[in-house]
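Go ahead and model the full structure; you've got the sequences and the hints to work with.
Each chain is listed here by its residues.
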Amino acid sequence: MVEPGPPGSSGGDSHDGKTGGVKGYLTKRHVYVMGCTTLLFSTVYVWYMSNGTSSKVSYIMSNTQDLDDFHKTKQPRMTYTKPQILKPSRSDVLMMTPWFAPIVWEGTYNSEILNEQFRRRNVTVGLTVFAIKKYVVFLNKFLETAETYFMVGHRVNYYIFTDRPEEVPKVPLKEGRNVVVLQVQNYPRWQEISMRRMELISNFSQQQFINEVSYLVCVDVDMRFTDQVGVEILSDLFGTLHPHFYAAERQSFTYERRPASQAYVPSDEGDFYYAGGFFGGTVMEVYMLTKKCHEAMMVDKANGIEAIWHDESHLNKYFVYYKPTKILSPEYLWDDDLGRPEILKKRRFLALPKSHAAIRNK
Amino acid sequence: MTREEYKNIAQACRSEIRKAKSHLELQLARDVKRNKKGFFRQADLDETFSVLPRRTDVLLMSPWLAPIVWEGTFNRDILNAQYRQKNSVVGVATFAVKKYVRFIEGFLGSANKFFLSGHRVNFYLFTDHPEKVPSMKLAPEKRLFIIPVQNYPRWQDISMNRMDIISSHIRSCWRYEVDYLYSMDIDVQLFEHIGVEIIDTLVGTISSWQYTEPRENNSYERRQESRAAIPSGEGDFYYAASFYGGSVSEVYKLTTACYKGIMEDRASGIEAKWHEESHLNKYLLYHKPTRLLSPEYYWDEELIRPRIVKVKRLSSVHKDLKEVRF
Chain A
0 MVEPGPPGSS
10 GGDSHDGKTG
20 GVKGYLTKRH
30 VYVMGCTTLL
40 FSTVYVWYMS
50 NGTSSKVSYI
60 MSNTQDLDDF
70 HKTKQPRMTY
80 TKPQILKPSR
90 SDVLMMTPWF
100 APIVWEGTYN
110 SEILNEQFRR
120 RNVTVGLTVF
130 AIKKYVVFLN
140 KFLETAETYF
150 MVGHRVNYYI
160 FTDRPEEVPK
170 VPLKEGRNVV
180 VLQVQNYPRW
190 QEISMRRMEL
200 ISNFSQQQFI
210 NEVSYLVCVD
220 VDMRFTDQVG
230 VEILSDLFGT
240 LHPHFYAAER
250 QSFTYERRPA
260 SQAYVPSDEG
270 DFYYAGGFFG
280 GTVMEVYMLT
290 KKCHEAMMVD
300 KANGIEAIWH
310 DESHLNKYFV
320 YYKPTKILSP
330 EYLWDDDLGR
340 PEILKKRRFL
350 ALPKSHAAIR
360 NK
Chain B
0 MTREEYKNIA
10 QACRSEIRKA
20 KSHLELQLAR
30 DVKRNKKGFF
40 RQADLDETFS
50 VLPRRTDVLL
60 MSPWLAPIVW
70 EGTFNRDILN
80 AQYRQKNSVV
90 GVATFAVKKY
100 VRFIEGFLGS
110 ANKFFLSGHR
120 VNFYLFTDHP
130 EKVPSMKLAP
140 EKRLFIIPVQ
150 NYPRWQDISM
160 NRMDIISSHI
170 RSCWRYEVDY
180 LYSMDIDVQL
190 FEHIGVEIID
200 TLVGTISSWQ
210 YTEPRENNSY
220 ERRQESRAAI
230 PSGEGDFYYA
240 ASFYGGSVSE
250 VYKLTTACYK
260 GIMEDRASGI
270 EAKWHEESHL
280 NKYLLYHKPT
290 RLLSPEYYWD
300 EELIRPRIVK
310 VKRLSSVHKD
320 LKEVRF
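Protein sequence lines correspond, in order, to chains A and B. Here numbering that gives the first Met the number 0 is used: the first residue of the first sequence is 0, the next is one more, and so on. Here numbering that gives the first Met the number 0 is used: the first residue of the second sequence is 0, the next is one more, and so on.
In case anyone wonders, no lab produced these hints; they're calculated from the structure. Note that the coordinates shown come from a computational prediction; the quantities given were computed from them, not determined experimentally. The reader is advised that the hints may include incorrect statements.
What the hints assert, rightly or not - Simulated pairs of lysine-lysine, BS3-like, Cα-Cα distance not exceeding 27 Å:
1) A:K86 x B:K98
2) A:K81 x B:K321
3) B:K97 x B:K321
Stated by the list, open to error - Which stretches of chain A does chain B cover? Using the computed rule of at least three CB atoms under 8 Å from a CB of chain B, they are:
4) 76-88
5) 99-106
6) 110-120
7) 291-299
Cβ atoms here follow ideal geometry from the backbone N, Cα and C, with glycine treated the same way.
As structure tokens, this is what we get:
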């Protein structure tokens, strides 16, 4: 959330109007400008949301075309076991949030039905990944395993953000899948690199991705796919349960707890702790998320504070107030160091062992 | 006191007031901001979240990840806050033809109280006896539109033509007036709140009669000559035609497709087993709903309510079918 900072000393008065511990050097003008920007941003957001509904309406007449084909085209026959009302698919885990966002666990979905729904829409999925400095070494394994397990049978664009385009490996790709290399600058600190991902995703979403893909999936690169990650994850806005915290109480979530930061979440708020390494949604939703997070990080920077878990803290703040429409279980982001609990029937996307010190600051 | 002293005191007072005002404004601004997000304040929930399930006795999600709405699985406060941001209007189409006008008062009275309470709803009441519609006081955000419609000799035709009427009204005017549209039978009463948990792109209600039956026993139309035929070995749930809906565009597609099927059947001299409900079931098999309502949302009062149906939100009104239909 981009909140205007506390009003500094009002007008030009000599006395102290400072509040809290933050250095109140923001003048009225700063507050005014930030307020206007926020207002403009939220107006655009509201305009978008209202337009989103009414623009669907104007498509009614053009969509009557496929009505004529309804009876003529033979619907593909799909045989599968009938879902049973009295038999929940999983009774050991929460399958749905109180705002009806499904939580995706193995056994809760039928891939055949979902694949058919998405193929009918001819969906292209964009997968963004950042391989800055030495992280390029992870690309080979990442892309190879993605070819085997990620959105198999659907169209995929791999968007590889890197400062070393010449080191991007040439991995053989299946049909309908492309690699797009995007050259970007690097930063000295790894925290900075991690946080700047938000800015880059938001810029490229607006300029490029919106024209090329329907959905964006944003993941860490130091991972490998080990099992199916398919269209069951796609939704307007989705996040993934962090493997360390899926069973934890709200108070122990590592949200940013200092009110001075834009990423602050009070201890009695918050639904889940989401991982910064796997989120996504439609291009528009991802654009709004990344833009908001980036702006919040810039405000923090101006205030001389850095959130405890960097972009992940800001992502979590966003998800408290803009709830995801789907949540991925820890099957979708796991670390084998955490063992194999009963509820984890599959491990689909695993962290690779790496020496953090060696890789991060080279 | 001297002018000097007065000035000093006045200045001190003014600056104190200024400080208090700015503090108050800041508090106010923070409160407003907080209240907006305060919808999501989880402090009101009696238990914090974890990954343990809330209901383990029923299926909560279809295999294509459409939520099935049961009591105890959702938080209406969160949903209301999300819904209010969209500023949507919901339309309800209902038909009271011939003797069915007697159900209008019960329907509208209970719907006014329990249906999307606090949100904008347009009730579109189709009737062949507009003069028999009782005058009713509705909540400020609810509006009633009475639309005259012709009746048909056969009650099956009245029932099936609803599809055509809904489809043509969406095309001509409702798409400008509402964002979501629901079709409901008139011979029902609401006993519990039905809120924004029903709002989604394409919504079907699981029939209270057949939710435990295996596929072979579901009353789908099985004769291949009918447009509503579902081959054996296929079928997810049996949906009730008494309560369905969704976004205006999706309901348009549904009703147009169903009515087309009905017309083609008529031309072939066949009538589907359960009339427009058979066509609805065929449509929803191949265009899967994005949300399903449990039998809480349409309970046939002739059935004994099992434990899994914890709440009876909407129920059919007892009637003598022979007497009221003919």
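Against the structure, the hints:
no. : hint           : result
1   : A:K86 x B:K98  : violated, 41 Å
2   : A:K81 x B:K321 : violated, 35 Å
3   : B:K97 x B:K321 : holds, 13 Å
4   : 76-88          : holds (count 12)
5   : 99-106         : holds (count 4)
6   : 110-120        : holds (count 3)
7   : 291-299        : violated (count 0)
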